[in-house]
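So the sequences go chain by chain: A and B. Start counting the first sequence at 101; every next residue gets the next number (my numbering). Start counting the second sequence at 5; every next residue gets the next number (my numbering).
The hints are simulated quantities; they were obtained by calculation from the structure and are not laboratory data. Ideal placement from N, C-alpha and C gives every residue a C-beta, glycine not left out. A hint or two may mislead.
[Said to hold, decoys possible] If you anchor each label on the Cβ, the simulated ranges turn out as follows:
| hint | chain 1 | residue 1 | chain 2 | residue 2 | range |
| --- | --- | --- | --- | --- | --- |
| 1 | A | Q343 | B | L309 | 57 to 67 Å |
| 2 | B | L300 | A | K273 | 47 to 57 Å |
| 3 | B | R215 | A | G264 | 39 to 49 Å |
[Stated by the list, open to error] Mimicking DSS-like on lysine-lysine, the simulated pairs with C-alpha atoms at most 30 Å apart in a straight line are:
| hint | chain 1 | residue 1 | chain 2 | residue 2 |
| --- | --- | --- | --- | --- |
| 4 | A | K208 | B | K283 |
| 5 | A | K196 | B | K232 |
| 6 | A | K231 | B | K238 |
| 7 | A | K273 | B | K322 |
| 8 | A | K207 | B | K192 |
| 9 | B | K283 | B | K192 |
| 10 | A | K207 | B | K238 |
| 11 | B | K238 | A | K196 |
| 12 | B | K238 | A | K210 |
| 13 | A | K326 | A | K346 |
| 14 | B | K322 | A | K231 |
| 15 | A | K231 | A | K196 |
| 16 | B | K322 | B | K192 |
| 17 | A | K318 | A | K337 |
| 18 | A | K208 | B | K322 |
| 19 | A | K208 | B | K192 |
| 20 | A | K273 | A | K231 |
| 21 | A | K231 | A | K207 |
| 22 | A | K326 | A | K273 |
| 23 | A | K210 | A | K196 |
| 24 | B | K238 | B | K322 |
The primary structure of each chain is shown beneath.
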Amino acid sequence: MESLSVQNVDMVYNLPKGGSVHALSDVSFDLEAGRLLTLLGPSGCGKTTLLNIIAGFLAPTAGQVLLGGVPVTGPSRDRGMVFQQGALFEWQSVAKNISFGPRMSGKKHKDVLPEVESLLDVVGLQGFGDKQVYELSGGMQQRVALARCLANDPQMMLMDEPLGALDALTREKMQSLILSLWAETGKSVVLVTHSVEEALILGDVVFVMAPRPGRIEKVYELPFAKRALTEDPRTLKAGDDFQEVKEEILSFIWEMEEEIMGTEAGQ
Amino acid sequence: MSKTDRSDRKTAAFGDSSSVRSLPFWSVLSAVVLILTWWGLTTAWGFPDEFRDQFQAAALADGDDPNLSDREFFQQCQRDAVCDPDTSYTQFVSPLIFPSIGDTWSAAGELVTEGYRNTALRTHTWASLWRVMRGLFWGSLIGIPVGLAMGLSSRARGFFDTIVEAFRPIPPLALLPLFTLSFGLGEKSAVPLLVFASIWIMIIAARSGIRNAQLSKVRAAYSLGASKRQLLTKVLIPNALPEIFTGLRVALGVSWGTLVAAELSGVQEGLGAMISIAKNFSRLDVIVVGIVIIALLGVLMDVLLRFLEAVLIPWRGKG
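Chain B with its partners taken away, still in its complex shape:
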């Protein structure tokens, strides 16, 4: 928003998209509403506490620890067939459906200090991060040259068009069973799956980066004496960088989206693996912590890429 903007003086602002912007107050409000709703539904509101007291007493009578978390209490309660899951719990949303803020927070603390199932949270996080970066690296290393070739040569365009159009629509998760059988369990298929997720995006980004080069720029370079090789390295590739960077950001998002699927391949370390193991033990709090970390990492890396973009490609959108 520039200082000379006249939005506040516009009389016909409704429907004028240039006068619509994201008001920070409302963004903060939405975050507050989300957290309050979570807190309200899983912690604050529900049936009177007597219900819980009643069942806690029953648990005590049964010889169980009364200082259990809601979830643990409820699991024991169920196991001992004392509680009826439909009526007994005091909150609107039972911890079997979604963990409370308190439980999630303590699970996060527990994960940070003790890790999950003998593996530090750091190790899980780093394993995932490393996997995503490797997938993106190989996806770019193969995808960008293929995309460049498709933008430069009719033969390459014809040849790779079939492959790209045939494989691009396949959801990576659908390929996981095939990959685990063909490449082997664990890392051997997790990384190829991430490469598969990003490669088509990088091909298309590089291809359109070349295709969108202004004809006048290409002709100017030739008239200035550039050879084909010089045209490629001094004009076409720098000119395509903004689109390749956009491709990287999209591919990064998709890679994080595919991560959990890729880690179903039987790897032991990684946030996705942690989530799927936690699922087997009904640790909803651990699952939610994993999801939050993945979301934060995704946002963080996108911010990092945007920063890099501003430093490396300051001309973006100004051509």
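Chain A with its partners taken away, still in its complex shape:
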């Protein structure tokens, strides 16, 4: 597994009606292999932009991203993506969705069936291979998306609000699934979320980002993700240490929001 290095990344969007938005300003960090990084922040702080740059969907205006020392120039199979809405291919069965990556590199579907079966097992969808994706619930579709991403055995998994569209109960179950996948595969994960609680329970490392210009404002290294592998996540979330960090970040984000409202009113 390779480590990720983001070096002095700057992103400026030109608006169609003139003017520009400074989405990211001089963002730098290193992420060792096998860490789970969550990106948190108010809307407009550039967290999704940063994820898209790491994925290679966007080229930064300045700076660069290296994975294992190699510059990222575009999307690639070593950085798997999971989106908010499955982005599954609904014309194919669950099994064929999962084998999509291997098939793109020339493998036959029937040759990768054993891997597909074991991945279905891993994400808790035993026996669902022949189902059509539109027959599955939202939570199950996200399980397929995770399996599809893992089928390519990527260096990193990038997740853009993967649980954002799920109900609260499903969401908690999926958080546990993401944690166990992370622990079992040892892959690096970068996960964007707007839920403070989710960022804290999943984040081995948490970046709290701030807008205008988009930047990393605070960095937390937290024990909760690792503890949630053995302890009950709900007891963990109710604990004083968890609540303390949560309150700190929430009030910080509140302050930022107030500031934004203030500057907007003043304009």
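Chain A is fixed; fit chain B onto it per the hints.
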């Protein structure tokens, strides 16, 4: 309508569009009303029969066959200047304005057994069907790739936008004189006219099929290692199939709508040709039979396409 639907328990149903559905009884009723009106106006209601008897007697006196159909009787009657078309006929709607159910039915029988003007009805029908299918085939074969290109490339979009927007609003009938002079009479301009009718629809359908692909699906495919070609064949085209199919259905409807115009190009066989020839002989019954066959074929092919759609694209609307 699902079993759990609570429409019957809704207290504020008026204006709630989800509680409005097509009640089968009323659909049947509308068909019955239509046929009854046709029967009433052309057959049942009108002046007393004495009128007809009177003129039939006059026809007899003139040496004509008294067992003629209403239409034939009336035509002879007029020819011999015995009848006054404004007052003499016994039904409210004269067969010169619209044929009766009986006349239409017997014309249909006559067409089925003897054909029209030495051509079997089967031949007319098949000629039209074949023409529509060829038009749709070429329209799709050219239109779909152009539409795909417009959805994929800014250059293609820019280039073809001008052409599509310039030609799309032209009604096919307006082009018929030009086509017959440029391409020649008959089949040579009938099929191109049908291609013209369907091609713009297919271009727009394929284009919007590509344009409406979710960005996340495209990005997911790239992250999974798909090349541009794989993205096109494994993701974008399957993703566009539902819209292309909708385009096909619309184009099919428009093709049937253009058929009669296309067959004015001087073809000898075809339902549209049959209708326009029948017009020259005032055979309203033949015209109505032709119209009914075209309507039935249109509905039949649409049902067929819907069936194909359910088989080939079961994911439609479930993405």
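Do the hints match the structure? See the list:
The hinted range of 57 to 67 Å is satisfied by Q343 of chain A and L309 of chain B, whose Cβ atoms lie roughly 60 Å apart. Roughly 55 Å separates the CB atoms of L300 of chain B and K273 of chain A, a value that falls within the hinted 47 to 57 Å. In this structure, R215 of chain B and G264 of chain A break the distance hint of 39 to 49 Å, their C-beta atoms being roughly 25 Å apart. Between K208 of chain A and K283 of chain B, the direct Cα distance comes to roughly 62 Å. Violation of the 30 Å bound is thereby established for this hinted pair.
Among the hinted pairs, K196 of chain A with K232 of chain B is consistent with the structure: their alpha-carbon atoms are about 19 Å apart, no more than 30 Å. For a cut-off of 30 Å, the pair hint linking K231 of chain A to K238 of chain B stands: about 19 Å separates their Cα positions. Restraint check: the Cα-Cα separation between K273 of chain A and K322 of chain B comes to about 25 Å, which is no more than 30 Å; the hinted pair holds. Only pairs whose Cα atoms come within 30 Å are accepted, and K207 of chain A paired with K192 of chain B is rejected, the gap being roughly 49 Å.
As the CA atoms of K283 of chain B and K192 of chain B are separated by approximately 23 Å, the hinted pair is consistent with the 30 Å bound. With a C-alpha separation of about 14 Å, the suggested pair K207 of chain A and K238 of chain B falls inside the 30 Å cut-off, and the hint holds. This hinted pair checks out: K238 of chain B and K196 of chain A have alpha carbons roughly 11 Å apart, not beyond 30 Å. Between K238 of chain B and K210 of chain A, the direct Cα distance comes to roughly 17 Å. Compliance with the 30 Å bound is thereby established for this hinted pair.
Restraint check: the Cα-Cα separation between K326 of chain A and K346 of chain A comes to about 17 Å, which is no more than 30 Å; the hinted pair holds. A threshold of 30 Å between alpha carbons decides the hint, and for K322 of chain B with K231 of chain A the separation of about 14 Å falls inside it, so the pair holds. Between K231 of chain A and K196 of chain A the CA atoms are separated by roughly 10 Å; this keeps the pair inside 30 Å, and the hint holds. The suggested pairing of K322 of chain B with K192 of chain B is violated, with an alpha-carbon distance near 43 Å, which exceeds 30 Å.
In summary, the hint linking K318 of chain A to K337 of chain A is supported, as the alpha carbons are separated by about 21 Å, within the 30 Å threshold. With a CA separation close to 27 Å, the supplied pair K208 of chain A and K322 of chain B stays within the 30 Å bound. For the hint linking K208 of chain A to K192 of chain B, the alpha-carbon distance of about 47 Å lies beyond 30 Å, and the restraint is violated. Distance restraint check for K273 of chain A and K231 of chain A: the Cα-Cα separation of roughly 22 Å lies within the 30 Å cut-off, and the hinted pair is therefore satisfied.
Annotation: proposed proximity of K231 of chain A to K207 of chain A holds, straight-line Cα distance about 22 Å (limit 30 Å). The suggested pairing of K326 of chain A with K273 of chain A holds, with an alpha-carbon distance near 16 Å, which does not exceed 30 Å. The suggested pairing of K210 of chain A with K196 of chain A holds, with an alpha-carbon distance near 10 Å, which does not exceed 30 Å. For the hint pairing K238 of chain B with K322 of chain B, the CA-to-CA distance comes to about 18 Å; that is within 30 Å, so the pair holds.
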